[in-house]
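Peer 1: Sequence:
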Amino acid sequence: MLDEEALHKDAVFNIGKVTSVEGRRVRVAVNKLKNSSHLLYQGKIVRNVAVGGFVKIAKGFVELVASVNGERVNEDPGASESYRRNVDLQNRQLEVSLVGYFEKGVFRRGVREMPLLDNECFLLSEDEFRAIHTFVSDDAGAIPLGVLAMEPTQPVLVGVDSVFASHVGIFGNTGSGKSYTLAKLYHELFEKFRDQPGFVDRSQFVLIDFNGEYVNRAPETAASTPNRSSSVIVDEQFKQEYRLSTRTDDGHRLPLPRSAVHDPVFWAILLDATEKTQAPFVARVLRNDYWDRLLPEPGALLEVIADAVARATKSTDPSMDRMLPTNFLEEIKDCLGSNTSNEFEAMVRDFRANLGYHSSTHTFYWGVKPSWKFASDADWSQFISHKISAVSQSFSSVDDVDLVRFKLVLQFYSDIIGGFINREHIGPLMKRLESRIDGIKRLITVSVGTPSSKPLTVVSLRDVNLDMRKVLPMILCRHLYETKKATDALGQQYLNLIIDEAHNILSFESARESEAWRDYRLETFEEIIKEGRKFGVFLTIASQRPHDISPTIISQLHNYFLHRLVNDLDIKAIEKAVSYLDRTSFESMPILPTGTCILSGVAAQIPVMVTVGELEPQFTPNSRTMSITEAWASPATRTEAQPAESVEPPF
18 MLDEEALHKD
28 AVFNIGKVTS
38 VEGRRVRVAV
48 NKLKNSSHLL
58 YQGKIVRNVA
68 VGGFVKIAKG
78 FVELVASVNG
88 ERVNEDPGAS
98 ESYRRNVDLQ
108 NRQLEVSLVG
118 YFEKGVFRRG
128 VREMPLLDNE
138 CFLLSEDEFR
148 AIHTFVSDDA
158 GAIPLGVLAM
168 EPTQPVLVGV
178 DSVFASHVGI
188 FGNTGSGKSY
198 TLAKLYHELF
208 EKFRDQPGFV
218 DRSQFVLIDF
228 NGEYVNRAPE
238 TAASTPNRSS
248 SVIVDEQFKQ
258 EYRLSTRTDD
268 GHRLPLPRSA
278 VHDPVFWAIL
288 LDATEKTQAP
298 FVARVLRNDY
308 WDRLLPEPGA
318 LLEVIADAVA
328 RATKSTDPSM
338 DRMLPTNFLE
348 EIKDCLGSNT
358 SNEFEAMVRD
368 FRANLGYHSS
378 THTFYWGVKP
388 SWKFASDADW
398 SQFISHKISA
408 VSQSFSSVDD
418 VDLVRFKLVL
428 QFYSDIIGGF
438 INREHIGPLM
448 KRLESRIDGI
458 KRLITVSVGT
468 PSSKPLTVVS
478 LRDVNLDMRK
488 VLPMILCRHL
498 YETKKATDAL
508 GQQYLNLIID
518 EAHNILSFES
528 ARESEAWRDY
538 RLETFEEIIK
548 EGRKFGVFLT
558 IASQRPHDIS
568 PTIISQLHNY
578 FLHRLVNDLD
588 IKAIEKAVSY
598 LDRTSFESMP
608 ILPTGTCILS
618 GVAAQIPVMV
628 TVGELEPQFT
638 PNSRTMSITE
648 AWASPATRTE
658 AQPAESVEPP
668 F
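Throughout the sequence shown, residue numbering follows my numbering, covering 18 to 668 in sequence.
None of these hints come from the bench; they were simulated from the model.
A few of these clues could be false.
Here are the in silico distance ranges between beta carbons for each label pair [to be verified]:
(1) S651 <-> E526: 39 to 45 Å
(2) H269 <-> Y307: 45 to 51 Å
(3) K593 <-> T500: 21 to 27 Å
(4) P214 <-> S114: 43 to 49 Å
(5) P652 <-> T265: 27 to 33 Å
(6) P274 <-> R125: 45 to 51 Å
(7) W389 <-> E360: 21 to 27 Å
(8) T500 <-> G122: 42 to 48 Å
(9) P274 <-> V385: 49 to 55 Å
(10) F437 <-> H375: 25 to 31 Å
(11) P274 <-> P214: 14 to 20 Å
(12) R125 <-> P214: 31 to 37 Å
Each computed EDC-like pair below joins lysine to aspartate or glutamate, with the alpha-carbon atoms no more than 20 Å apart [to be verified]:
(13) K331 <-> E320
(14) K350 <-> D309
(15) K49 <-> E88
(16) K501 <-> E451
(17) K547 <-> E499
(18) K73 <-> E39
(19) K471 <-> D212
(20) K121 <-> E145
(21) K471 <-> E548
(22) K49 <-> E130
(23) K73 <-> E143
(24) K471 <-> E320
(25) K49 <-> E143
(26) K501 <-> E543
Quantities reported herein were computed from a predicted structural model and do not represent experimental measurements.
The beta carbon of each residue, even a glycine, is placed where N, CA and C say it ideally should be.
Work out the full structure: start from the sequences and follow the hints.
Peer 2: Printed below as a string of structure tokens:
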């Protein structure tokens, strides 16, 4: 006996037949009685087929699933001329593309078979609709993302393995909600796995924050807006923050190992070293241990310095800088800083006051007239060397960044005095070193351990100058990646690098750096995104300009969370990288509402439009859309840094 309920359901849900098959593109002729927007079934309203929806094509015992890309209406030439209704004139056709099939009630993505002409098409039942939008079968390995934008009753869960064990791209214009989506993903991850025994010990998440959106608000700020961003993403128990600053000495220092701080590439890029002359000089100094071996022996190092000064003052070359010996000693004093001994400082003052240069004879002399002692005297070298080597000065306190500067200064003056380099070639590098050294010392410090023992590390670059904003993230990510490869051969640990506003360091075009250093920067991250999965290293990038990011990086991502993009170049960049995104999704990107994104990739069987779920206020990033009308309606809160008294306007 036939199941009457099944027959009735098929009669209601049957919408038409296949009329043409051209590869994955299929046309379906809709029954003329199924042209309304909704249907009635068992007292319930069922949404009829429309663009953006799905249909099921029955081919024998195989059930194929297709997405509706478009529809058209043609006049039916076979309609009766004597008596006809308006509906008889319409011949509605759907343009659909195959996306998958059902196998034992489970949806599978891909094309297994092609439909035949006259195969019947049906609307999806509630269970079938849910099966298509169920991306992970095991709830234990899933986290909530939000709900379907077109069907708010359908929750969207994403698999932890398919998202966080992959490379992820979150793209959208400013104000579209991409920072919120990033915070939502990682907040739900920590909420679900924070108590797992191996989560803290085997996971490391490092977030590069260019705008300070993911650091917790200061207590005085949070007091004025209670419960707002006081624990962005996760509680302080699982989070370590580094608020770096090149403006003041009060900011945090990012702990890096000695190998990273003494990396020649770090300094070559930081100091804008030229590829042919300055970069090889930096590499030669930092890869040689000559000065490192002399540091524990202050007497031997003072003798080397004294010999260099003696040779410089013995020179009769008219092109020799008369201030070179004094400048050499003063730069050594600057490198020593507060560790400079009183004897050394007195010696530098003595040289500044008594060492002179006779321009007519091109000869150095010591003292005041008429008791001058000239460099041409036989005992000059012994005389001038003794003044330096006789002082008491320890060099063991020189470390961290000052040690790099110290070695570069010693080698620079030694090479200049010896005639091994041209001062015009290396001099500009040393000037940049002098001007940037204070900013570098405010950002990094040498450490033996890892940056943090907590699973989430946030590095805020909000108050960091432009010279360091590109270099520091690259050095940090490169160090973490190389350390992971070298120390975790068995794959016991997992490293997730999260880069917000990624166009700042992954841009393909940059006028602020040479082509060689741009290539090195991109190759560093391209290697991570190409080979990182093999070593348990995964990359998450968020950006408002995907067009500016290297196409190689964009194309290697596995999951895409696409918010509103209005620039045509950005949309085309996504279109080139995501070949399986349907036409409807591309056309809807410029008009997506705030907080809604298109999820596409290995975590989703089909591209879906998702309204991202809400976070509790204390976990949201500091990137909310401001309302100036509400702000103007209340007086500003005055702090000590913002005095209440008025000042003269600048116009």
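Peer 1: Look at each hint and say if it fits the structure.
Peer 2: Going through the hints against the structure:
no.: 1; hint: S651 <-> E526: 39 to 45 Å; result: 44 Å, holds
no.: 2; hint: H269 <-> Y307: 45 to 51 Å; result: 34 Å, violated
no.: 3; hint: K593 <-> T500: 21 to 27 Å; result: 34 Å, violated
no.: 4; hint: P214 <-> S114: 43 to 49 Å; result: 46 Å, holds
no.: 5; hint: P652 <-> T265: 27 to 33 Å; result: 28 Å, holds
no.: 6; hint: P274 <-> R125: 45 to 51 Å; result: 47 Å, holds
no.: 7; hint: W389 <-> E360: 21 to 27 Å; result: 25 Å, holds
no.: 8; hint: T500 <-> G122: 42 to 48 Å; result: 47 Å, holds
no.: 9; hint: P274 <-> V385: 49 to 55 Å; result: 52 Å, holds
no.: 10; hint: F437 <-> H375: 25 to 31 Å; result: 26 Å, holds
no.: 11; hint: P274 <-> P214: 14 to 20 Å; result: 28 Å, violated
no.: 12; hint: R125 <-> P214: 31 to 37 Å; result: 34 Å, holds
no.: 13; hint: K331 <-> E320; result: 16 Å, holds
no.: 14; hint: K350 <-> D309; result: 18 Å, holds
no.: 15; hint: K49 <-> E88; result: 14 Å, holds
no.: 16; hint: K501 <-> E451; result: 34 Å, violated
no.: 17; hint: K547 <-> E499; result: 14 Å, holds
no.: 18; hint: K73 <-> E39; result: 17 Å, holds
no.: 19; hint: K471 <-> D212; result: 13 Å, holds
no.: 20; hint: K121 <-> E145; result: 11 Å, holds
no.: 21; hint: K471 <-> E548; result: 25 Å, violated
no.: 22; hint: K49 <-> E130; result: 28 Å, violated
no.: 23; hint: K73 <-> E143; result: 13 Å, holds
no.: 24; hint: K471 <-> E320; result: 47 Å, violated
no.: 25; hint: K49 <-> E143; result: 24 Å, violated
no.: 26; hint: K501 <-> E543; result: 16 Å, holds
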